[in-house]
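K.L.:
Chains as they are written, first to last, in my numbering: chain C, 1 to 256; chain W, 1001 to 1256.
Among the clues, some could well be false.
Stated by the list, open to error - These stretches of chain C come out as covered by chain W in the derived footprint (C-beta under 8 Å, 3 or more residues): (1) 34-47; (2) 119-130; (3) 246-252.
Stated by the list, open to error - DSSO-like cross-link-like pairs, simulated, lysine-lysine; straight-line CA separation at most 30 Å: (4) 1068/W - 131/C; (5) 68/C - 131/C; (6) 165/C - 180/C; (7) 1003/W - 180/C; (8) 3/C - 1050/W; (9) 1131/W - 86/C; (10) 1131/W - 1120/W; (11) 50/C - 3/C; (12) 86/C - 131/C; (13) 1068/W - 1086/W; (14) 1165/W - 50/C; (15) 1180/W - 1003/W; (16) 1165/W - 1180/W; (17) 1003/W - 86/C; (18) 1164/W - 1180/W; (19) 68/C - 50/C; (20) 86/C - 180/C; (21) 1068/W - 1131/W; (22) 1131/W - 1050/W; (23) 1120/W - 1086/W; (24) 164/C - 180/C; (25) 1120/W - 1050/W; (26) 3/C - 1086/W; (27) 68/C - 1050/W; (28) 180/C - 1068/W; (29) 131/C - 120/C; (30) 1068/W - 1164/W; (31) 1086/W - 1131/W; (32) 86/C - 50/C; (33) 118/C - 131/C; (34) 86/C - 1180/W; (35) 180/C - 1050/W.
Calculated from the structure, these hints are not laboratory results.
From the three backbone atoms N, C-alpha and C, an ideal C-beta is built for every residue, glycine too.
There are 2 protein chains.
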Amino acid sequence: MTKRVLCARLPRPGHPEPLPETESEHVTRVLRLRDGDVLEALDGQGHAAKVTLRIRGGAPRLEFLESKAAEASGVLPLTLEMAILKAEAMEWVVEKAVELGVRTLVPLITAHTVVQVKNKGPEAFRERWQKIADQSLKQCGRLERLEIQTPIALENWIAQNPGKKDCPRLWCDEAGRGGKQGAVDLAHWLFENGAHLQQCRLLIGPEGGWSDLERQLLESGQEFAPIKVSLGPYVLRGETAALYAVSLVIATLRQI
Amino acid sequence: MTKRVLCARLPRPGHPEPLPETESEHVTRVLRLRDGDVLEALDGQGHAAKVTLRIRGGAPRLEFLESKAAEASGVLPLTLEMAILKAEAMEWVVEKAVELGVRTLVPLITAHTVVQVKNKGPEAFRERWQKIADQSLKQCGRLERLEIQTPIALENWIAQNPGKKDCPRLWCDEAGRGGKQGAVDLAHWLFENGAHLQQCRLLIGPEGGWSDLERQLLESGQEFAPIKVSLGPYVLRGETAALYAVSLVIATLRQI
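With the rest of the complex left out, here is chain C (with noise of 0.2 Å):
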């Protein structure tokens, strides 16, 4: 398997970079390696060149080898704005959504969010997500970072970042379960809409479901209204729903 490692700047030839320290641990330790070792570094945002670790004579430090040729990025313009759920699932779904190509993760804070984000603060948590990703950045070979934004309330975001024509915002909705309440099935949906697909945003509900007054937000006042899909027959657990979803939108993005 590549080793790889994750840093601001790429060394060029004649100019190395210092090892973040945040990587020191990661490279050392987990990855085991050694003065002179080869290996690849990337800048998370698309490129990545062959290294040689420096560690004896100075601080650590990674010297240009050669370039990587540059690859089609396997990034796709998914936004995933997901509800916050309980540690280990929301976990889950960084590193998944890192794997499957999604571009931006969005956390948010709804009515029925079990985690309390105000205690450590918002940012923390952000920083925790981010350090998760950039592990699944390493581990699976993608160039360009996943970005996590910073939790943020449901209705801010949603004020902030109204529906638009190009961008379709597909609201994944458990009391649509089965085609009820108005919802299109989202395969059926991808199927009939997924060739004109440019770009879209993923709405994805916590454990709880939506709140009345969530729902009144998401269907009103709006010029481009959500569109309410269903994932399904069964209730499932968010962090399913998620890359149920996720994995649909990438698969149709791709084929375009």
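Chain C is fixed; fit chain W onto it per the hints.
P.N.:
Chain W alone, transformed into the frame defined by chain C:
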């Protein structure tokens, strides 16, 4: 949320059924139900009834209250042939396979399987996974149990279950990433062939990938050879590969 219990036989009018011992703790401690509470009983074979829990005046039992109208089954003719992953990842696949509608799960022992099945014996593993599957069943409202088979070595399973014309085996191969080695993108294959798909097998490898011998076994000597499919540009973890592929196949089978 509907509270559910799983029992081998549903009670009939005037004929209560004893509450299975394995369900007692779930009912009293997890669901916190008391004598006289109403819940839904499932037989795991597609039938359900509204029942009353009786704890006082004898052994815990379920009394028939009313029948539940038969629902269309959401379980689809998909067999997930899954190389055994490490504990948590495998349990997670089992739970999600129930939610998504997989019919049968076959845990496979492969050359690169890390988990030592021999120590506790394959049947102990099957029982543990079946228990997790049954919990997931009650949570998501699925009526038919996910059938989990006893772990079996890949070569034995393939010998006993060779390729069939009307049930393609989709072989997810990490070496076929991005269409290498003759692999076809799974989403593309489903788009082209999904309309005629009656039933399907999905074969997913372990973290360490397939061995050369296993590749030979899968590529040769069968009248209906597996179809080698790719799951996109990245190296997916075993459980991510399973869930992505299951999602796409299930969505396709549901459209038919």
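K.L.:
Could you run down the list of hints and mark each one as holding or not?
P.N.:
Each hint tested on the structure:
no., hint, verdict
1, 34-47, "violated (count 0)"
2, 119-130, "violated (count 0)"
3, 246-252, "holds (count 5)"
4, 1068/W - 131/C, "violated, 48 Å"
5, 68/C - 131/C, "holds, 24 Å"
6, 165/C - 180/C, "holds, 25 Å"
7, 1003/W - 180/C, "holds, 21 Å"
8, 3/C - 1050/W, "violated, 56 Å"
9, 1131/W - 86/C, "holds, 23 Å"
10, 1131/W - 1120/W, "holds, 16 Å"
11, 50/C - 3/C, "holds, 10 Å"
12, 86/C - 131/C, "holds, 17 Å"
13, 1068/W - 1086/W, "violated, 39 Å"
14, 1165/W - 50/C, "violated, 46 Å"
15, 1180/W - 1003/W, "violated, 48 Å"
16, 1165/W - 1180/W, "holds, 25 Å"
17, 1003/W - 86/C, "holds, 21 Å"
18, 1164/W - 1180/W, "holds, 25 Å"
19, 68/C - 50/C, "holds, 7 Å"
20, 86/C - 180/C, "holds, 27 Å"
21, 1068/W - 1131/W, "holds, 24 Å"
22, 1131/W - 1050/W, "holds, 23 Å"
23, 1120/W - 1086/W, "holds, 15 Å"
24, 164/C - 180/C, "holds, 25 Å"
25, 1120/W - 1050/W, "violated, 38 Å"
26, 3/C - 1086/W, "holds, 21 Å"
27, 68/C - 1050/W, "violated, 63 Å"
28, 180/C - 1068/W, "holds, 19 Å"
29, 131/C - 120/C, "holds, 16 Å"
30, 1068/W - 1164/W, "violated, 37 Å"
31, 1086/W - 1131/W, "holds, 17 Å"
32, 86/C - 50/C, "violated, 38 Å"
33, 118/C - 131/C, "holds, 20 Å"
34, 86/C - 1180/W, "violated, 38 Å"
35, 180/C - 1050/W, "holds, 23 Å"
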